[in-house]
Amino acid sequence: MKFAFAFLLGIFLVTAEAFPTKPIRLVVPFAPGGSSSIVARSVAAEMSKSLGQEIYIENKGGGGGNLAMNDVAHADADGYTLIIGHVGSLAMTPFISANPGYDVNRDFAAVSLLAKVPNIFVVHADVPAKDLREFVALAKSQPGKLYYGSAGNGSAGHLAIEYLKLVAGIDIVHVPYKGTGPNLIDLLAGRTQATSAGTPPLMPHVKAGKLRVIAVGSPQRLSVLPDVGTVAEQGYPGFETTQWYGLNAPAKVPAAIIKRLADEAAKAAKQPSVAERFAVDDAEPVGSTPEEYAAFIAAEQKRWGEVVRRAGIKAN
Numbered sequence: 002m003k004f005a006f007a008f009l010l011g012i013f014l015v016t017a018e019a020f021p022t023k024p025i026r027l028v029v030p031f032a033p034g035g036s037s038s039i040v041a042r043s044v045a046a047e048m049s050k051s052l053g054q055e056i057y058i059e060n061k062g063g064g065g066g067n068l069a070m071n072d073v074a075h076a077d078a079d080g081y082t083l084i085i086g087h088v089g090s091l092a093m094t095p096f097i098s099a100n101p102g103y104d105v106n107r108d109f110a111a112v113s114l115l116a117k118v119p120n121i122f123v124v125h126a127d128v129p130a131k132d133l134r135e136f137v138a139l140a141k142s143q144p145g146k147l148y149y150g151s152a153g154n155g156s157a158g159h160l161a162i163e164y165l166k167l168v169a170g171i172d173i174v175h176v177p178y179k180g181t182g183p184n185l186i187d188l189l190a191g192r193t194q195a196t197s198a199g200t201p202p203l204m205p206h207v208k209a210g211k212l213r214v215i216a217v218g219s220p221q222r223l224s225v226l227p228d229v230g231t232v233a234e235q236g237y238p239g240f241e242t243t244q245w246y247g248l249n250a251p252a253k254v255p256a257a258i259i260k261r262l263a264d265e266a267a268k269a270a271k272q273p274s275v276a277e278r279f280a281v282d283d284a285e286p287v288g289s290t291p292e293e294y295a296a297f298i299a300a301e302q303k304r305w306g307e308v309v310r311r312a313g314i315k316a317n
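Each residue of the sequence shown is one higher than the one before, starting from 2 at the first, in this note's numbering.
I should point out that these hints are in silico values taken from the structure, not numbers from a laboratory. C-beta: ideal position from N, C-alpha, C; glycine also. Treat the hints with care, as some may be off.
[Stated by the list, open to error] Listed next, the in silico DSS-like pairs over lysine-lysine satisfying Cα-Cα at most 30 Å (straight line):
#, residue 1, residue 2
1, Lys253, Lys50
2, Lys211, Lys61
3, Lys260, Lys61
4, Lys23, Lys131
5, Lys303, Lys260
6, Lys61, Lys146
7, Lys50, Lys268
8, Lys271, Lys260
9, Lys23, Lys268
10, Lys166, Lys23
11, Lys303, Lys61
12, Lys141, Lys179
13, Lys131, Lys146
14, Lys315, Lys260
15, Lys179, Lys23
16, Lys141, Lys303
17, Lys23, Lys50
18, Lys253, Lys303
19, Lys179, Lys50
20, Lys61, Lys131
21, Lys211, Lys179
22, Lys271, Lys50
23, Lys166, Lys208
24, Lys211, Lys260
25, Lys179, Lys166
26, Lys146, Lys271
27, Lys260, Lys50
28, Lys141, Lys315
29, Lys131, Lys260
30, Lys268, Lys315
31, Lys179, Lys208
32, Lys61, Lys50
33, Lys141, Lys50
34, Lys146, Lys166
35, Lys50, Lys208
36, Lys141, Lys61
37, Lys179, Lys303
[As the list claims (entries may be wrong)] Cβ pair distances, simulated, as ranges:
#, residue 1, residue 2, range
38, Val281, Ser142, 14 to 24 Å
39, Ser51, Leu189, 38 to 48 Å
40, Lys50, Gln143, 25 to 35 Å
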């Protein structure tokens, strides 16, 4: 019995050490061009060098990430199919959708947290609020009269403002759109008054004077917005909302292969060349162990599960 166990363990270790012997598919659960693709391509390029095999990107949008998540959840657990995990797919959708087709805690293994992209909160330039405190005061003076848009029901921007509404005790009305583009069209036209998203789609309009940043969702101020206070420092300690991206695998991938992937992913995320590419989106490179990433996911699920419950957010 002991001999058989040692023999199998030996085969397992040799297999893990030899990994990978062919290209690896990295699924991005969104259309090309966004932060998820930038993170995936930047990290994959570095990991391909160190692993000696190509990591090729497959963008598979649709269903708010559910199509891709279901694909990878049921893929072979051999380490050759991976996915970019996202705050929406891993920490929001499980509480909004009654049956997304996968169980994030049963069907996926955490590999490494790769990057955090801060959310910012903006208002139309005509809104008479220079910062978050003034916006909260304005909202409280006319409950139900201000409107905010999002990229869709259950999107990261939707939950970010619902979170803010809960902690600040304000009543502003959600207007869901089918994507960031339509959301911004109405915001820039003044038909809605506020939104929250990452910096890339918003900063050009901020620089043009059409939108004003009233708060930053990350724990620290951003170098591109040094004069804008965080939500936490404007009266709501502990508040944090960032869009984050990690590397995940099907749940039954052997632990030794997970560790190999995690080591290389963490190393890649900390490369100066990757940090330079991430800077385009004001993304913070992370790189973590599987244990650290799993603990982070659990904490985010607790945060956003509570927001979904208290705000009564449900799938369309």
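Against the structure, the hints come out as follows:
The suggested pairing of Lys253 with Lys50 holds, with an alpha-carbon distance near 25 Å, which does not exceed 30 Å. Distance restraint check for Lys211 and Lys61: the Cα-Cα separation of roughly 33 Å exceeds the 30 Å cut-off, and the hinted pair is therefore not satisfied. For a cut-off of 30 Å, the pair hint linking Lys260 to Lys61 stands: about 26 Å separates their Cα positions. For the suggested pair Lys23 and Lys131, the alpha carbons sit about 54 Å apart, so the restraint of at most 30 Å is broken.
About 26 Å separates the Cα atoms of Lys303 and Lys260, which keeps this hinted pair within 30 Å; it holds. For a cut-off of 30 Å, the pair hint linking Lys61 to Lys146 is broken: about 38 Å separates their Cα positions. Distance hint between Lys50 and Lys268 is fulfilled; the C-alpha atoms sit about 11 Å from each other, no more than 30 Å. Restraint check: the Cα-Cα separation between Lys271 and Lys260 comes to about 17 Å, which is no more than 30 Å; the hinted pair holds.
For the given pair, Lys23 sits about 21 Å from Lys268 by alpha-carbon distance, which is consistent with the 30 Å threshold. With a C-alpha separation of about 49 Å, the suggested pairing of Lys166 with Lys23 is violated against the 30 Å cut-off. This hinted pair checks out: Lys303 and Lys61 have alpha carbons roughly 27 Å apart, not beyond 30 Å. Restraint check for Lys141 and Lys179: satisfied, since their Cα atoms lie roughly 28 Å apart, inside the 30 Å limit.
Under the criterion of a C-alpha separation no larger than 30 Å, the hint pairing Lys131 with Lys146 is consistent with the structure, at around 18 Å. Proximity of Lys315 to Lys260 is assessed by CA-CA distance (about 36 Å); at most 30 Å being required, the pair is judged violated. For the hint linking Lys179 to Lys23, the alpha-carbon distance of about 38 Å lies beyond 30 Å, and the restraint is violated. Between the alpha carbons of Lys141 and Lys303 the distance comes to roughly 28 Å, so the proposed pair stays at or under 30 Å and holds.
About 13 Å separates the Cα atoms of Lys23 and Lys50, which keeps this hinted pair within 30 Å; it holds. Using a Cα cut-off of 30 Å, the hinted pair Lys253 and Lys303 holds, with the two alpha carbons roughly 24 Å apart. Taking the CA atoms of Lys179 and Lys50, the gap is about 38 Å. The hint is violated against a cut of 30 Å. Under the criterion of a C-alpha separation no larger than 30 Å, the hint pairing Lys61 with Lys131 is inconsistent with the structure, at around 40 Å.
Taking the CA atoms of Lys211 and Lys179, the gap is near 22 Å; set against the 30 Å cutoff, the hint holds. With a C-alpha separation of about 14 Å, the suggested pair Lys271 and Lys50 falls inside the 30 Å cut-off, and the hint holds. For the suggested pair Lys166 and Lys208, the alpha carbons sit about 26 Å apart, so the restraint of at most 30 Å is met. For the hint linking Lys211 to Lys260, the alpha-carbon distance of about 47 Å lies beyond 30 Å, and the restraint is violated.
Between the alpha carbons of Lys179 and Lys166 the distance comes to roughly 22 Å, so the proposed pair stays at or under 30 Å and holds. Between Lys146 and Lys271 the alpha-carbon distance is near 45 Å, which puts this suggested pair outside the 30 Å criterion. Proximity of Lys260 to Lys50 is assessed by CA-CA distance (about 17 Å); at most 30 Å being required, the pair is judged to hold. For the given pair, Lys141 sits about 25 Å from Lys315 by alpha-carbon distance, which is consistent with the 30 Å threshold.
Pair hint Lys131 plus Lys260 does not hold up; C-alpha atoms about 47 Å apart against a cutoff of 30 Å. Distance check on the hinted pair: Lys268 and Lys315 sit about 38 Å apart at the alpha-carbon level, beyond 30 Å; violated. Annotation: proposed proximity of Lys179 to Lys208 holds, straight-line Cα distance about 25 Å (limit 30 Å). A C-alpha spacing of about 24 Å is found between Lys61 and Lys50, which places the hinted pair at or below 30 Å, so the restraint holds.
For the given pair, Lys141 sits about 54 Å from Lys50 by alpha-carbon distance, which is inconsistent with the 30 Å threshold. Taking the CA atoms of Lys146 and Lys166, the gap is about 14 Å. The hint holds against a cut of 30 Å. Our distance criterion of 30 Å between C-alpha atoms is broken by Lys50 and Lys208, whose separation comes to about 38 Å. Taken as a hint, the Lys141 and Lys61 pair is broken in the structure, with Cα atoms around 42 Å apart against an allowance of 30 Å.
In summary, the hint linking Lys179 to Lys303 is supported, as the alpha carbons are separated by about 27 Å, within the 30 Å threshold. At roughly 39 Å, the beta carbons of Val281 and Ser142 sit outside the given window of 14 to 24 Å. Taking 38 to 48 Å as the suggested C-beta distance range, the pair Ser51 and Leu189 conforms, at roughly 44 Å. Checking the proposed 25 to 35 Å range against Lys50 and Gln143 shows it is violated: the Cβ atoms sit about 56 Å from each other.
The structure does not agree with the numbered hints 2, 4, 6, 10, 14, 15, 19, 20, 24, 26, 29, 30, 33, 35, 36, 38, 40 stated previously, though it agrees with the rest.
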